[in-house]
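K.L.:
One-letter residues, chain by chain:
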Amino acid sequence: MNWENVSQFLHMGGYGFYVWGSFGLSFALLALELLLLSVRRRTLLKRLGQIQRLNTP
Amino acid sequence: MTIVMWVLKRDLLLAMRRKSDVLTTLFFFVIMVSLFPLGVGPEPQLLKAMGPGVLWVAALLASMLSLGRLFAADHGDGTLEQMLLCPESLALIVLAKTAVHWIASELPLVLMAPLLGLQFGLSGDALWVLALSLLLGTPVLSLVGAIGASLTLGLRGGGVLVSLLVLPLYIPVLIFGAGAVDANASGLGAGGHLSLLGALLVLALLATPKAAAAALRISLE
Amino acid sequence: MLEAVSLECMRGDRRLFADVGFSLAPGELLHVRGRNGSGKSSLLRMLCGLVLPESGEIKWNGLNIRRSDEYKHSLTYLGHLNGIKEELSGVENLRINCGLAGSDVGESAALDALARIGLAGREHLPVKVLSQGQRRRVMLARLLVASTPLWILDEPLAALDTDAIGLMRSLFEFHLENGGMLILTTHQELDIAAKTTHEIRFSS
Amino acid sequence: MSTINWYKYASPASFYGLAGKMIPGFAALSGILFIVGLYIGFFVAPTDAQQGEAYRIIFIHVPAAWMSMFIYVIMAIYAGIGLAFNTRLSSMMAQALAPTGALFCSIALFTGAFWGKPMWGAWWVWDARLTSQLILFFLYIGFISLQAAIDDPKRSDRAGALIALVGVVNVPIIYFSVKWWNTLHQGASINLTRAPSMAHTMLAGMLIMALACWMYAIAVTLYRVRLVILERERHSTWVAQLLKDMK
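Protein chains in written order, with our numbering: chain A, 1 to 57; chain B, 58 to 278; chain C, 279 to 482; chain D, 483 to 729.
So that you can see chain A by itself, here it is in the shape it has in the complex:
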């Protein structure tokens, strides 16, 4: 095991900001992509549903 306790783990030998910044931002961006995609899906389905309701009286 590399780390004796949590604070050492978070400290990353003095590079905590850079290491956690990298990983944090990376996964945040991936999560953002997923979020944007699900929003896009929802709006698309809503719009298609509306169009269909207009076309089938």
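Fair warning: there could be bad hints in the mix.
Said to hold, decoys possible - Taking lysine-lysine pairs in the DSBU-like style, the calculated list, with each CA pair at most 30 Å apart, reads:
| # | chain 1 | residue 1 | chain 2 | residue 2 |
| --- | --- | --- | --- | --- |
| 1 | B | 267 | C | 337 |
| 2 | A | 46 | D | 636 |
| 3 | B | 267 | C | 350 |
| 4 | B | 105 | D | 661 |
| 5 | D | 503 | A | 46 |
| 6 | C | 350 | D | 636 |
| 7 | B | 267 | D | 636 |
| 8 | C | 337 | C | 350 |
| 9 | B | 66 | B | 76 |
| 10 | A | 46 | D | 726 |
| 11 | B | 76 | C | 406 |
The set of hints was computed from the structure by calculation and includes no laboratory data.
Fit chains B, C and D to the known structure of chain A by using the hints.
P.N.:
Just chains B, C and D now, with coordinates in the frame of chain A:
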């Protein structure tokens, strides 16, 4: 006369009747280059180091701005459709048009560049290398630019879009072109850079007209 | 002989037309009618090979036009854009346009054609000083010197006066009598004598 | 043109359903691999003698850089197939891949900066790899904005394909020229990707993270291509039926 000769004749005639277009590109280049000393200060050592890069970047931008004229007018008045229908390979026609475009909007820059290089304190040797590198490099810019120009025909915001498409592809030319002058200044000799530029030119001559012709077909459908 | 088999055209996700077919023999006329935006121009551009059909095939003398080298030599297409340059004179425009199409036309032949179409005295003026109708005539003058068997014309009579329309009609009839083929769209009613007249009418 | 209608075999309608079934598997695989990869990266791999703990950034940086290059090539291949054989589905795949590729490219860029600050003392150094990565990002942006600027889907597919192919031909030239430029101007000597003492565990961690990113990219691309299919095919009867079934 063959069809390609007609294209050459026509485009040269048009370039001569629209001299102001030639001059606007040239003056854009001159103004661009003159802005840098005003921006970074007149320190001779710094200017001498920056000179080749500045001249090359300015040539890149001037070339990119002039791309709008390559096909847009012919697209607007329907001549481009006629060129697609004419019994001659479209790639050859694109090559002819690009050649005239280079003569009208890039050759003046190449001739003007050594003069502007004097403003940056480049030595006589460096000026020669600069002119030679531009002579070999700017045709590549026109050829690669033709692809971007034909892809963006008739699109809204086409001018900005073409820069996004084309500028990244210009990077190797910029590196070898400006590098040639630097290499000459540092005593390494510009031969390597210049031959790489020549290789790029041959590659571009072989490959880009076909790609631009395909792009024109896509854009006009 | 031009043959079109069940052509379909899509613009974006709108179907402009489907199942359009005809065959056109020498001396025959095809008149394409319909309102603006109904797909007339798209059909004409498709017949030239500028637009790929979504489905279907166009054949020239039995060969798909994409594979026929002869087709481009046989075709004269005039679109709704004039295809002429403002900075050049009428003669220059005419000679260059013919040159681009692969036929060299001499100075005197070009002058003659321009005179016949009613531009005598204006041959050497830059086109930008001419009126819309006169510019149209510069473009149409190509038909007077063209030797191609197939003409595809999109609204050739737009902006022309009655004299010029009469001239064009007799030119079309002359072309058809000599075994030419003609495909055109017009807004106005126009009686052209032809061996056979086909008609395609786009609704919607 | 009488090309074979390949899309009869890979029709968007049937692919829509297939993709929907494949997404959960790839997503789950990606999640598990991320956990394993991160565990190896942080708890198993030892501290680097020269770079200290900062080197652990490679576990995300290198996989992202690989993915960004890999996706660009795959995208160009799909786009090229779409252009050559007129297969709509492959053009849609190319369109769906681009944003994820650009995302990995930007991840590679800023993790490079996060590593550069403590190692080189500057957020950005004109190192050959970072510079090429930046240019690759520009190429992605060019592709995406060209496709976005064209309304007609057919023209958009073909124009995008052409610029992607031109880009893919140029990438080696660009990479070579940047490298040449960098050696002439004496770039930074330590390199992020050449961790001096690459232990086996480090390599394993990096590969597993790369695999995780790969699975993620597949899942997200399939998800996005489903949306693209729905948008493009919104007038077809099968989409209408699908919407009815959803209610």
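K.L.:
Confirm or reject each hint.
P.N.:
Now for the hints, and whether the structure bears them out:
Taken as a hint, the residue 267 (chain B) and residue 337 (chain C) pair is honoured in the structure, with Cα atoms around 26 Å apart against an allowance of 30 Å. For the hint pairing residue 46 (chain A) with residue 636 (chain D), the CA-to-CA distance comes to about 25 Å; that is within 30 Å, so the pair holds. Taking the CA atoms of residue 267 (chain B) and residue 350 (chain C), the gap is near 19 Å; set against the 30 Å cutoff, the hint holds. At most 30 Å may separate the alpha-carbon atoms for a hinted pair to count; residue 105 (chain B) and residue 661 (chain D) meet this at roughly 24 Å.
Distance hint between residue 503 (chain D) and residue 46 (chain A) is fulfilled; the C-alpha atoms sit about 22 Å from each other, no more than 30 Å. The hinted pair formed by residue 350 (chain C) and residue 636 (chain D) meets the criterion: a straight-line CA distance of about 25 Å does not exceed 30 Å. Proposed proximity of residue 267 (chain B) and residue 636 (chain D) is supported: the alpha carbons are some 20 Å apart, at most 30 Å. The suggested pairing of residue 337 (chain C) with residue 350 (chain C) holds, with an alpha-carbon distance near 13 Å, which does not exceed 30 Å.
Between residue 66 (chain B) and residue 76 (chain B), the direct Cα distance comes to roughly 16 Å. Compliance with the 30 Å bound is thereby established for this hinted pair. For the proposed pair residue 46 (chain A) and residue 726 (chain D), the alpha carbon gap of about 12 Å is at most 30 Å, so the pair holds. For the hint linking residue 76 (chain B) to residue 406 (chain C), the alpha-carbon distance of about 17 Å falls within 30 Å, and the restraint holds.
The structure shown violates none of the earlier numbered hints.
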